[in-house]
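Asks: Listed below, chain by chain, are the residues.
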Amino acid sequence: MATRKKSLLKVIILGDSSVGKTSLMNQYVNKRFSNQYKATIGADFCTKEVVVHDRVVTMQIWDTAGQERFQSLGVAFYRGADCCVLVYDVTAPNSFKNLDSWRDEFLIQASPRDPEHFPFVVLGNKVDLDNRQVSTRRAQQWCQSKNDIPYYETSAKEGINVEMAFQTIAKNALEQEAEAELINDFPDQLRLNSENNRPSNADNCQC
Amino acid sequence: MWIQPKELLLTSAFWTTEMYSKYFVLQKRRGTGESRGFGSMLVGTIDSVMNTKPAPYRILHQTPSSEVSYEIAIGITQDEIVKDWEWLQANLFSVLNEMENEDEVTNFTICKIQSLFTQNNQDDTGESPDFKVKTSQFRQFFKMPEEERLVNSYSATYVKNKIPRQGQLYISLNHVCFYSYMLSQEIKRIIRFAELEDISRSGNTIYLKTTNNMTYNFTLLFNSSEAHDLIEQLNKMAIQKLIHDPESPVVDHDPSNYSRYGAKASKKPVLLRDLTARQKSEEFRVYFRLPQTEIIDGKIKADIWTPYSKRFNAGYIYLSPNFFCFRSDVKDLVSVVIPMKTIKSVEKKDDGHQRYDNQIVIFTSENVPFMFAKIMDREVLISKITDLLSRIHVPISRERAKYDISWSKQTALLNTFKTQFSADIQKKQEQKLARWEDHFRDFGRGIAMFRTTDVINLIVEGIPDKLRQEIWLIFSGAIHDKEMNPGLYEDLVEKAACIKDCFVHDEIDRDLPRSLPEHPAFQCTDGIGALRRVLQAYALRNPQVGYCQAMNIVSSVFLLFCDEENAFWMLASLCENLLPDYYKDKVVGAQIDQGVLNELVETHLSDLHEHLERLGVIKMISISWFLTIFISVISYESSLQILDCFFYEGAKIIFMISLQIIEWNRDKLLKCQDDGEAMLVLQTYLEGIYNPEYQVPPPTDKRKLDRPQTQTVQTLIHEAYTKFGEELTQQRIEELRNKHRRLTVRQFDIDNEKTIVKAHAQNAYFNGQELHMLLTIIREEKLNLKSVQQQQQKTQCHMSEAPQLLPHHTSPSRSGVCDIMPGGGSGRHEAYSVNFEVFHTLFSELTPWRKCVSVDICEKLFRLTDKKGTGQLDFGQLINAFGLVCSAKCIEKLKLLFVLHLPPLLSKAEIERTRRPRPRIKDDADEAFEAEDFFDEDASESIEALPSPSDHNFDADDYALITATQHLHNLAGISGNTFMDLSRTTPNLSLNSNASSLAQRNSTFYVDLPAPLQGTATRTDAGQDDDNDIGLHQQGRYESIDTFSDISDLGAARITPPQTSTTAAAATASDQLLLNVETISNFSQISDLVAATRLDRADSNATDTRSLGSLGYLLDQPDESASASGKHRHIPHMRKENFQLLWRSIIEIMGCVQDEEMRCAYENLIEMGNSNIKKEPSLESFTQLNLGGSGDEQPDSNGNPTTPAAEPSSTTRLFVALEEELRQAKAEAAGMATTTNNSSGSGSSSATNTSDAWHISINQFIATALTCECVVKAFQTHTEIVEQIEQLQKKRRKCLSTNYNY
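Here the protein sequences line up with chains Y and A, keeping their order. Residue numbers are given in UniProt numbering: position 178 of the first sequence equals residue 178, and the series is strictly consecutive. Residue numbers are given in UniProt numbering: position 1279 of the second sequence equals residue 1279, and the series is strictly consecutive.
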């Protein structure tokens, strides 16, 4: 995987249970909405061919289980991800609050090469519903505070913004690809950063 | 301890006589205790090698003329034997002396001792004296607590560095230990079961590997398989305990449960028999699918008459309190389960058949006869059955509370939502039904049917819809649970319905429409309502599981075929018996089984394994296979047939089918380049599986229509049986599960540790490896301490643990189930937070400051670090504290030490205590008690001191102390001790408001600080009303200050008059400083505080929003804090008593005697402190202090510190290291100058201070301390934490010294 020119993008969809991850994926891939999905256990998986910058790439979309106790399984899916889609439900404030922990958890478990600039996309789903509780402004603020994560408000049911959001996802993932030289797929988990600090410590003691 | 008298001929070899009388000798074994002669060594070795291990003391009876002696008593301790000796002295000596005949004497003695022996043994535990000796030796060698019970010991050889060591292998409930004594060389090894990573056996050798990669091998000449099984079993129990109850990870065992089984006289230790019985019981339960409460009572060989084949079949009858079971010797030939309560009669029968004698016939309530023959012990069996029948407990529906909830039980949904089959399929169903009816006729129906291979064949073909409920209930064992708990389900449903606002219920509600959406039954309220009730009731029954996604999917299928109560019990049996731990936190059971599957793939499909492993596919895809028994991946109608088999076969079928799925796709999988491709291959295949015999038109899920049909589910099952059915046995799966349970739990730890290390990778002190080691040792020590605590608790209150499954948790919604933070991560770090005890152990084992004995530095450091006063340090705090202490940062370390000796932490009371001789280590209880003591004294003192206005002038120093205190008591949960200490050092600190309110909760103390210059000192006498007014006013103001983040802010506030105070009243009031000490809100609380810092104190509401401690900044990232906004944090000056202790600590830490240089430095500092008294206004004094301190390195200048210190250049020249300090000091001085200007203008000279107490500043201290080369050297040494940890681990492993009892 490391050597061939990557025409494959791995996208992970994360978010609380029942925010619409599966529906978003299916709306995007199959252009269909159904309220007949079973809760996702473990993970589900779809692929779609997309054209980005005149290049045809295969997008592998991994849809994950939202319940907390499945999170420890995440590491199996996260590795080698090119983009991470964080989904929350605009009618469920808790699902918005949990974005933080989803993001942190992903960064820790996937350990991307450049965690600061790893492409995330945030989707506020179910905007078709009336009882909206998380304001656009609040969501945007959060996204800005996290290194300007692109933010879309979507409705998997109505198909609002889904196509556009995933286009952005594909684009950002591909840019990330271009920027990061493919060294290895799975960087060493331990970074011995303390070396940087050591010299300054020593300074203090030259007395 | 008296023993059965034994004749001995040789009495002196190996023994030394300690006491003797005319007829008795008390002897001590050589080689025990302190004696160190060659003889002792030899005897010790012989004992160790020969495994004789006699008790170290014994009493012999002998008569002068006889050569024969009798051993009549043995003792493990001297006290014990002396007690026996004294008894002899009191009771026998005189009697025997009166006797004339020596034979008479001997007879009398023997008789007497025998009666004593039997008398004593009646109320005994049933252990042989031999075993008692072993137990006590085990405890003694390994310093194990009383509660740690020895299971058995074996003679074993341990090969270390290729040298074999003969010794004893001790297996206790939580440890494997080895002891060997060879010619004065003692070897001890302790291995905890919970930390075993691998257990294997080849021949007579048992290999063990622990989680920190230590390997051991023990060769046992005898009983190696018994020892191995025992280790496996205890390890399994330990790991399960870790999974189920991580807070009390110690295996404890209540022997009474199992003692009935195999209670026949046996030489084996009670606990060993017990554990064996437990193991047997478990196998029995699993095989017959009996409820978890069933305990096997015994088994007996017998033949069963099978009417369908008209012959007798050999096997065993198994009895348990509620069941009579039979299992044939030939695997799967026939088995029977008869509930005891259905047995109507048991009759003896003798029809003269020679070959089949000793028959009994059992009639069940349905008048079905079961005939058994060739029963060895017929009478025993019959009496046993009668006994069990008489004790049978018929459960009655409990009286239950009435809830105002109306609901009715939903019957099987399929009755309402009938599936429209095509004529073809309908015909097939009817045929199947007919075949089942035939079967019932031959083999019986209901629980007590003959279970044979025929029934498997029928099941594999698919159970007709009408029979599914019945068959599922019987084979899953759910029926037993249901019958034993009548009314429980209704009760749970109603209780659950009363719970509002519950996280679990929200989760359930969200998933209800996402369970089996394609089925019309779950598109309307009937199905949804029933599903909700079942899931909520189960969450209530088993709060440990609560609700896990996938349970909804499985339950919805149950509900289609069963009424809702049955569905509930099927779910219970699924979660508790069939798929153990699957739905727990982290779906741990399913993860374990993934490991098992992985290993099975490795053995059975070895060519594929490596490829799949590289892709990581198995981990990814199989979790849903396990959790939903394929329902979520295969079409509903196909998965039903797998479910049919599942209830009969258990988890085995999942493995078989999984292997078959992978096998079938072998070629395609081998071609896959990445995980996505492999996923697609399997997905396509699984979605294409169809069931031609159960086609439900119209297919609803359109996504699945697109897929081409791949294979019928019948073929899949059939192939799975033929290819893997034989090789996969329940036993093998259990063995593999044991192994992977260890590995999975270990993997969780590894993952956690990796994550935490990553999160702290940026810390200033440790690198990744060091962090890993620290985490490991924290985990180990926590386990260590917890086990001690748990065992101590156990002995304190002999409470038997209530079974967890009973629904006595009235509201799981409150008890943690709802507290689960979605998004996780919370538990991860918690697992590595340490309380004071762990901190103390680590501190005293790992850090160089452990040498300090006169001051309990550890406690101070803990309090300083524990900013929120929670009694717990998280890992980040811990590494900051340890990092600094172990680092080579000389100045920072001295600073920290200085701070640790400042009053809030090192209180006056404590200084006094250190003057009194006191034991270094004491119990928590003592400490708490003492604290209370102190508090009482102090409280009375300070209250008395209240009205007296002070002659003591308050200086900036004191002020700083108080502010520091105020903050520190927030952060350290500081005791009344401290507060009172404060009030004593500053006698005019008055407790405003009624003294009586002291004892009231939430009373607020106003600390009145007279700022002296403008005669405002008189204000202390101001009227109460006035005071109160100002008090209120001030309170508002200072509360806001209270939230400032550090003391420098406070310092600034002190100097600068508050900008907000515009009124005249406020201007005067600004001289008055108030301390709002509301955090110490309750006096009774205060007395507990010292103790509370040692306990986990969850209640930190009052303090957690408070500001960080002023002094604690040292423990933040030091680099950051130094550069952060260039703020100088003010550290209060130190008083003499504290300083003296500080100096003592330094000497102790250095571990040397004070040399000339140090003495000189010490005197300089004392001098300096003196000259700090009575100083000019604080502008000078501050500058003075800071710069004077740095000037101290010139011995002549320090004698005269009042010289204007305007030459910072000269000092910087000399003290490069202090440059920064100086600059800060200058900055402060400058800041103060402006302040003074301002404030002098306004007439309030808050900055003017005088001091008449001895004190030194931190800079003075550090500068002087640095003049001593040896101090610098000692404090510049970097401590290799890894080395220290390794040493500690070694110490623990080898039992070099034990901290089990901290």
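Check before you lean on any hint, since a few could be wrong.
Footprint (simulated), chain Y over chain A, 3 or more residues, beta carbon under 8 Å [stated by the list, open to error]: (1) 233-239; (2) 503-511; (3) 516-529; (4) 753-761.
Listed next, the in silico DSBU-like pairs over lysine-lysine satisfying Cα-Cα at most 35 Å (straight line) [stated by the list, open to error]: (5) A:LYS584 x Y:LYS171; (6) A:LYS500 x Y:LYS171; (7) Y:LYS31 x A:LYS418; (8) A:LYS671 x Y:LYS48; (9) A:LYS241 x Y:LYS157; (10) Y:LYS97 x A:LYS418; (11) Y:LYS171 x A:LYS754; (12) A:LYS851 x Y:LYS97; (13) Y:LYS31 x A:LYS671; (14) A:LYS584 x Y:LYS97; (15) A:LYS754 x Y:LYS157.
Think of the hints as simulated: they come from the structure by calculation, not from any bench. Just so you know, these numbers come straight off a predicted model, no measurement behind them. Just so it is clear, CB atoms sit at the ideal spot from N, CA and C, and this is done for glycine as well.
Asks: Broken hints, numbered, in rising order?
Replies: 1, 5, 6, 9, 10, 12, 15
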